[in-house]
Amino acid sequence: MLRVRVIPSLLLRDGGLVKGRQFKHHKYVGDPVNAVKIFNEKEVDELVFLDISATSGGQGPNYELLVDIANEAFMPFGYGGGITSCDEIEKLFKIGIEKVILNTSAYSNPDLIRNASRVFGSQSIVASIDVKTSFLGRSEVYVQNGTRGTKINPLDYARKMQDLGAGEILLCSIDREGTGKGYDLNLLKAVSESVDIPVVAAGGAGKLEDMSKAVSEGGVSAVAAGDMFVFHGKHKAVLITYPSYDELKSLF
Amino acid sequence: MNRTVCTRCVMDTSDEKITFNSVGECSHCQIFDKDSQSMWFPNETGKQKLGKILEQIRKEGEGKEYDCIIGLSGGVDSSYLALKMKDWGLRPLVVHIDVGWNSELAVHNIEQIVKYCGFDLYTDVMDWEEVRDLQVAYLKSGVSNQDVVQDHAIFSSLYHFAVQNGIRYVISGGNMATESVAPHSWHHSAMDSINLRAIHKRFGHKKLQSFKTISFFQYFFYYPFIKKMTTIRPLNYMPYNKKEALEELVRTVGYKEYGRKHGESRFTKFFQNYYLPKKFDYDKRKVHLSSLILSGEITRDCALKELEKPLYDPVELKNDKEYVAKKLKLSVVELDQLIDEPGRSYVEFDNWDRHYALLQKLKNILQKVTNKKIKTYA
Ligand SMILES: [Zn+2]
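Which chain is which? The protein sequence lines are G and W, in order. Be aware that the first sequence starts at 1, since it is given in the numbering used here, and climbs by one per residue. Be aware that the second sequence starts at 1001, since it is given in the numbering used here, and climbs by one per residue.
A hint or two may mislead.
[Said to hold, decoys possible] When the alpha-carbon atoms are kept at most 20 Å apart in a straight line, the in silico DMTMM-like pairs for lysine to aspartate or glutamate are as follows:
no., chain 1, residue 1, chain 2, residue 2
1, W, K1140, W, E1334
2, W, K1115, G, E140
3, W, K1086, W, E1247
4, W, K1321, G, D68
5, W, K1326, G, D227
6, W, K1326, G, E64
7, W, K1321, G, E72
8, G, K234, G, E217
9, G, K42, W, E1111
10, W, K1326, G, E193
11, W, K1279, W, E1248
12, G, K42, W, E1257
13, W, K1115, G, D246
14, W, K1278, W, E1247
15, G, K234, W, D1320
16, W, K1326, G, E41
17, W, K1115, G, D227
18, G, K236, W, E1104
19, W, K1115, W, E1104
20, G, K236, W, D1127
21, W, K1318, G, D68
[What the hints assert, rightly or not] Quick list of the computed label-pair ranges, beta carbon to beta carbon:
no., chain 1, residue 1, chain 2, residue 2, range
22, W, K1206, G, R118, 42 to 50 Å
23, G, K207, W, L1246, 28 to 36 Å
24, G, E43, W, E1244, 29 to 37 Å
25, W, K1049, G, S216, 53 to 61 Å
26, G, R21, W, K1361, 49 to 57 Å
27, G, K27, W, E1322, 25 to 33 Å
28, W, K1278, G, L2, 39 to 47 Å
[What the hints assert, rightly or not] To spell it out: a stretch of chain W is covered by chain G in this simulated footprint if at least three of its residues, at any positions, have a beta carbon under 8 Å from a beta carbon of chain G; those stretches are:
no., segment
29, 1104-1113
30, 1117-1131
31, 1211-1217
These are computed hints drawn from the structure, not numbers from a lab. Note that beta-carbon positions come from the ideal geometry of N, C-alpha and C, so glycine has one too.
With the sequences and hints as input, model every part of the structure.
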């Protein structure tokens, strides 16, 4: 097992896999079940699925699809999207999902994250924090797939999530997402220094060095990426790739 | 069942249109002898002919971003061809069409090849829910060619990108050495969009939105005559041996071998090794092995031995069947039922045959009038 987890983070929309840029312009990139099969063969240790249609559409998790994914996946995976109650969380764990990821509902209903971590243990509850930075460099937490600002500072918010019982933070820079420009290292550093729970970097990875920087300079304990594992080359051709174990080992 | 088998290759009367001459050689062998004279040059002549063609492609492509286009499936033929294209100094746009059945091996091989060759890759990912709906419609129709959906999509995308990028040369891995035998009675053309739409209309549920079909007009007129698209099959101009090609791929780019023919698509494997033999009594290995006999790569005895092997390992079959059913959102029982039903001919659904007959008539008239032989496309 590697010291640092390197997690492909995949977006679902209406049952298909999509990828976008800065939380917009999503493009269809394939069938999630087939993608999981390919990641299996590539010996990926962990996956994350985020359903961006589950919250906005109001329909909640697509259990049927998640069952298919869980049946196919050799590795543990986390799921986020449209989760609003402990009953739903229980149902997701029963399917075989390892971690549930709360974003909008962690903001609008803090009791959910508190109760869920008490009932299921904080190690299985992840708080997802999406951050947008203004022209003046002020960072703000956004919810609802990055469409709604909360006026809350990410550091305060991350501490609050930790206090509520989240076992891990998935921290994504909306501005960097899908750009390949590298993670927002300042944001990563500031947040990981202000909490004791593990922080997973997301949004912006374009090359392997970005990942080692996220760890050495950003102080995170794991890294997630979408584009890097889904796209190839200047035409952004859809091609699922994952670095070899040796490549990853030499990174950290 | 007692079948008459060709004395030279291993094709037999499971091809209902097959005929034999006085020494027992089949119509496929005769077609090969005729076609190979004008199409197959695994020798010095081929080298010279190919040299001229390549020069023309490079010249026409000067100043353009790409001079040709190639579809890359991850299979040996197209992968090896891509490698050669690098040696020849071509600058192709490489297109991969993902119809949802890609194996990890295919994805790995494509990655290795484009990285090694430094070629630009473009992918077209078909909307899986639409493809699934179409594939289930095809299973329900019971026609023999279940690869239509992917073959049509691949051709359609490739030509679409070619036109979009102003490219007129399509480089194809098609070749006489490994696929000269093609019994028409087994499969109707995958390019017949009238047939595709008729089958989908009868058995499909979803609207085809992103799935682009190619019309009869586009296929026979627009692409060849208006857009002047030309398909080049370089493997016909050189000695091509699949085993050696594979070895070179493994050596140079770290290519990973597929267990069986068409291992790059689990559906094609299931369709060829289970659906076709069970439902129609067609064994595609005969086609493939016969081609190899004719090109001199293997002996007839060797092919006959190969045919004695079982089509499927029982465990593998069970796994693949479960996978195919699940992916198509059918139960294994439903899938079995569809396969157990008697097969149907494509003519039970609307198709392009009447247009095609008209086209042939027109061609004959034109040939008489102009006194020139008109090249048939594709
Ligand atoms: Zn023969």
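Checklist entry - Broken hints, numbered, in rising order? => result As far as the earlier hints go, 2, 5, 8, 10, 11, 14, 15 and 31 are violated by this structure, in ascending order.
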